[in-house]
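Chains as they are written, first to last, in numbering that gives the first Met the number 0: chain A, 0 to 317; chain B, 0 to 89; chain C, 0 to 160; chain D, 0 to 116.
Some hints here could point you the wrong way.
[Claimed, not checked] Cβ-to-Cβ under 10 Å is the rule here; a few derived chain C residues that face chain A:
{"#": "1", "residue": "Leu7"}
{"#": "2", "residue": "Leu18"}
{"#": "3", "residue": "Leu30"}
{"#": "4", "residue": "Ile35"}
{"#": "5", "residue": "Glu46"}
{"#": "6", "residue": "Phe59"}
{"#": "7", "residue": "Ala63"}
{"#": "8", "residue": "Met85"}
{"#": "9", "residue": "Ser87"}
{"#": "10", "residue": "Tyr89"}
{"#": "11", "residue": "Leu95"}
{"#": "12", "residue": "Val98"}
{"#": "13", "residue": "Asn113"}
[Said to hold, decoys possible] Cross-link-like lysine to aspartate or glutamate pairs, in silico, DMTMM-like; alpha carbons within 25 Å at most:
{"#": "14", "chain 1": "C", "residue 1": "Lys74", "chain 2": "D", "residue 2": "Asp31"}
{"#": "15", "chain 1": "C", "residue 1": "Lys81", "chain 2": "C", "residue 2": "Glu71"}
{"#": "16", "chain 1": "C", "residue 1": "Lys81", "chain 2": "C", "residue 2": "Glu46"}
{"#": "17", "chain 1": "C", "residue 1": "Lys81", "chain 2": "C", "residue 2": "Glu127"}
{"#": "18", "chain 1": "C", "residue 1": "Lys159", "chain 2": "C", "residue 2": "Asp144"}
{"#": "19", "chain 1": "C", "residue 1": "Lys146", "chain 2": "D", "residue 2": "Asp31"}
{"#": "20", "chain 1": "C", "residue 1": "Lys81", "chain 2": "C", "residue 2": "Asp143"}
{"#": "21", "chain 1": "C", "residue 1": "Lys81", "chain 2": "D", "residue 2": "Asp31"}
{"#": "22", "chain 1": "C", "residue 1": "Lys146", "chain 2": "C", "residue 2": "Asp96"}
In case anyone wonders, no lab produced these hints; they're calculated from the structure.
Where is the CB? At the ideal position from N, CA and C, for every residue including glycine.
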Amino acid sequence: MLAATALAVVRLHSLFAIVMLFGIYSLLSACIFVVLDAVDVAFTEAAVGAGISTMLILGTLVITGHHEKNPKHGPWLPLIVVIVTGAVLIWGTLDMPIFGAADNPVHQHVAPRYIEQSPQEIGLPNMVTSVLGSYRGYDTMGEVIVVFAALVGVLSLIGITEGKSPKRQYTSDDKPPRPVLQVMAKLLIPYIFLFGLYVQFHGDFGPGGGFQAGVIFASAIILYTLTFGLDDAYELVSPSVLRPLAAIGVLIYGGTGVVTLLLGGNFLNYSVLADDPVHGQHYGILAIEFGIGLTVATVMMLIFYAFISRGEKRGNEV
Amino acid sequence: MFAATCLALLAIMAIALVRAFMGPSVYDRILAVNMFGTKTVLFLAAFGFLTGRPDFLDIALVYALINFIGIIAVLRFVETVTHTGTGADD
Amino acid sequence: MSSYLRFLVAGLIGFWLLLSGYWDNPLLLTLGAFSIALTAYLASRIERHYPLKSVTRMLFRLPAYGSWLLIEVIKTTLDVTKCVWMPSRYPISPTLDVVPMTQKTRVGKTIYANSITLTPGTVSVRFEAGGHLLVHALTADSMDDLKAGVMDSRVTAMEKQ
Amino acid sequence: MELILDVLSWILLMGGAFFGITGAIGTLRFPDFYSRVHAGSVTDTLCALMIIGGLILQAGFTLVTVKLIMVLAFLWYTSPAASHALVRAAHHMGVPPVLLPKPDARSKTREGSSSKP
């Protein structure tokens, strides 16, 4: 099914239909991750792949128009390149050990240590969180900074026009109000917020964590924007509040590292945060997860705002 | 029992996929995607039981949420872009 | 603090406890309290813009209505199922028509429209002027059922103070 | 007792699967967009209810049940909103519905009369 979806994506010319098929593609790959028992990856794929990326691509389409430009040259050159690359990749995988074999290098080097010792060293039921937050603290910090850098890029390229536009008066002809959706969204949104926070703080215990929580939280705001309009969303959470918050999120992450340094440990070694190293690890992970969640949520909202307001500037009503 | 349910759900997803490919209008595709999404949610729930790890349910909830918001977003987008068009695909 | 907000906070607390399942971890309970406070703050800001009246009372009446609706859903599902598997014996006759709507509040109208959509075979299209609802039905029979107004009067009864 | 529960959840799960496939076939078979929505809503409502009901019977009184109920409630809450938004958008954009007369006389006139009020 994955392959069929990918083929259809290539065949179609309406960019819009392609976006939706991408959504299906993400859902499918997330299913596969679940089947492979990679729950956290599936969680992220569901939230980021199916949700946010679809919406952001849509936002881009609003800006650029929704039909593929006619290609300037024939399809043969890219096709050859793709086939050659694919062949090289497949040739490369021939060297790899059989999928799932017990003696894969992956299973022999770090994984046993993670699996066997993380319960004692960190004491969290969800191993993935331990690995991401503690053993691989540097990598994750890099990711957060990448997200932040993406925000900086988008803001400097597109920028957010804050509600300077005159309040539009909707006539029933121009844009009928959407009463059903507004009532339902209004009743639903608080629970989405709370669900996002739940995912945020239970990342230690089950699948979840800062990245996913940030996306869920942002999606609640996006739902609000979609049903009530951009101006109201600005009033609820204005971009000028969000911008410093995004930076603060990164600072919380880095600051946790600095605190551990000051307390005499290594950078991002949380064991020194409390008397008991296990508790220290717990608090440290909680803190950085909070930083991640804050950054991801605010960055997602800001990028969404940027795209939407850009679309509005072009005269499209979003 | 759960395996049979999962298989049936996969079959439904496949049919929805056919509808998504066939179109013909944008709305048919969105309908198919929506159906696909809800079936994914059910599939995840059933699969959690199949493997004896029902903690997949959080993911199922997130899916349901993302699916809903995605559909709303897509609809808003269609209303925006095809404002002058006929609403038909291509 | 309006009654809706009070109700919302109670709902949120229940939601958190059920989601979390860790009822004896003080750290998580603190974080939960923090989360609920944040959520309630955001919700109250939305509430200030779009106040909804008399929601609480209707929510209490929802279970009784819901069980009635469930039976309706099962009945109509069987109808649609027949149309799918035996199209020659049960042909479809798609209809588009307006149905009167007697609800006063926005929430009541929303519940009615959603109930129509939830029962297979009928789907509400849009609100028309003058308290009417444009409905698309799969068969002319289901449209007639809807026009008989049983569902409409039940939803309206929920609105009563 | 165990056996009864198992049989019940078998029935529920298979019933859910049956209704789901019914709806899916319906989306393939029905002539126009609006009638496909009806078929889709079959899969969203009763199919979801029965499958989740079957799973609940297996889970017993645990937090898993609570989460299953949440999933169901969320699906039932959002699916009408989604279909309504879908139909409303289609109608707003002027997608013509195929309207057929009530077949009293078994007339097979399949005219797509696009009567839009």
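Hints and how they fare:
1. Leu7: holds (6 Å)
2. Leu18: Holds, because the Cβ-Cβ distance from Leu18(C) to chain A comes to roughly 5 Å (cut-off 10 Å).
3. Leu30: Given a least distance of 5 Å, the restraint on Leu30(C) holds.
4. Ile35: holds (7 Å)
5. Glu46: holds (8 Å)
6. Phe59: violated (15 Å)
7. Ala63: violated (19 Å)
8. Met85: Constraint on Met85(C) not satisfied, violated at 30 Å.
9. Ser87: Ser87(C) check fails; min Cβ-Cβ to chain A is 32 Å, beyond 10 Å.
10. Tyr89: Hint violated; Tyr89(C) Cβ to chain A Cβ min 30 Å, cut 10 Å.
11. Leu95: With a closest approach of 17 Å, the Leu95(C) hint is violated.
12. Val98: violated (15 Å)
13. Asn113: holds (7 Å)
14. Lys74(C) / Asp31(D): Holds - the C-alpha atoms of Asp31(D) and Lys74(C) are around 23 Å apart, at most 25 Å.
15. Lys81(C) / Glu71(C): Roughly 16 Å separates the two Cα atoms, so the pair holds.
16. Lys81(C) / Glu46(C): violated (45 Å)
17. Lys81(C) / Glu127(C): Not satisfied, since the Cα-Cα distance of roughly 31 Å exceeds 25 Å.
18. Lys159(C) / Asp144(C): Holds - the C-alpha atoms of Asp144(C) and Lys159(C) are around 24 Å apart, at most 25 Å.
19. Lys146(C) / Asp31(D): Roughly 23 Å separates the two Cα atoms, so the pair holds.
20. Lys81(C) / Asp143(C): Since the Cα atoms of Lys81(C) and Asp143(C) sit roughly 18 Å apart, the hinted pair holds (cutoff 25 Å).
21. Lys81(C) / Asp31(D): Measuring from Cα to Cα gives roughly 18 Å; hence the hint holds.
22. Lys146(C) / Asp96(C): holds (10 Å)
Hint compliance for this structure: hints 6, 7, 8, 9, 10, 11, 12, 16, 17 are broken, all remaining hints hold.
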